[in-house]
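**Student:** Sequence:
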Amino acid sequence: MSTITVTATVIPACADELPVRKPGRWQLTTVAESIGMKTFETCVSPADGIVPGVGDKNCRLSKVKRFADEFYVDVECRTDAGLAKTSTVLTGDFSTWYRAMSKMTFDPPQQGVSHMGVTVDGKYLGPNCNPKF
22 MSTITVTATV IPACADELPV RKPGRWQLTT VAESIGMKTF ETCVSPADGI
72 VPGVGDKNCR LSKVKRFADE FYVDVECRTD AGLAKTSTVL TGDFSTWYRA
122 MSKMTFDPPQ QGVSHMGVTV DGKYLGPNCN PKF
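Take 22 as the starting number for the sequence shown in our numbering and just add one per residue.
Honestly, the hints are just simulated from the structure, not real lab data. For every residue, glycine included, the Cβ atom is placed at its ideal position computed from N, Cα and C. Certain hints may be false.
Cβ pair distances, simulated, as ranges [said to hold, decoys possible]:
| id | residue 1 | residue 2 | range |
| --- | --- | --- | --- |
| 1 | S66 | S135 | 12 to 22 Å |
| 2 | G138 | G103 | 15 to 25 Å |
| 3 | T126 | P148 | 19 to 29 Å |
| 4 | G103 | E62 | 11 to 21 Å |
| 5 | R99 | G147 | 13 to 23 Å |
Below, a list of computed lysine-lysine pairs in the DSBU-like style, where the Cα atoms sit at most 35 Å apart [what the hints assert, rightly or not]:
| id | residue 1 | residue 2 |
| --- | --- | --- |
| 6 | K43 | K59 |
| 7 | K84 | K43 |
| 8 | K86 | K43 |
| 9 | K84 | K144 |
| 10 | K106 | K43 |
| 11 | K78 | K43 |
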């Protein structure tokens, strides 16, 4: 008699779909020149996007491509302040960890900033979310 082990992963079936983080409590560490390093915890639901702007009425998802274990995502958002473009590279298993490296450009510059970068490292802490999130 043989046994088959199945391991669930939260990678999308189609290469052109965004990855989905496992629902639950996540620790996020962000690093950006403008804010330094910040670590906080947040509760993630299945409806929460992994890339800011996706699903917003003023934003358009212009590219999602998967190459090996990396996802390349481009989002364009138009607001009263102008056009903001974000290019993000995502990697990870999205059920225990992930990394998002984003480059944002603003046209015209917003508050004197024409571009910025941010890296987010996510670590899954468990299924239970603290009510304060």
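**Student:** Hint by hint, note whether the structure agrees.
**Tutor:** Against the structure, the hints come out as follows:
| no. | hint | result |
| --- | --- | --- |
| 1 | S66 / S135: 12 to 22 Å | 34 Å, violated |
| 2 | G138 / G103: 15 to 25 Å | 19 Å, holds |
| 3 | T126 / P148: 19 to 29 Å | 37 Å, violated |
| 4 | G103 / E62: 11 to 21 Å | 33 Å, violated |
| 5 | R99 / G147: 13 to 23 Å | 38 Å, violated |
| 6 | K43 / K59 | 22 Å, holds |
| 7 | K84 / K43 | 23 Å, holds |
| 8 | K86 / K43 | 20 Å, holds |
| 9 | K84 / K144 | 26 Å, holds |
| 10 | K106 / K43 | 26 Å, holds |
| 11 | K78 / K43 | 25 Å, holds |
When held up to the earlier numbered hints, the structure conflicts with 1, 3, 4, 5 and fits the remainder.
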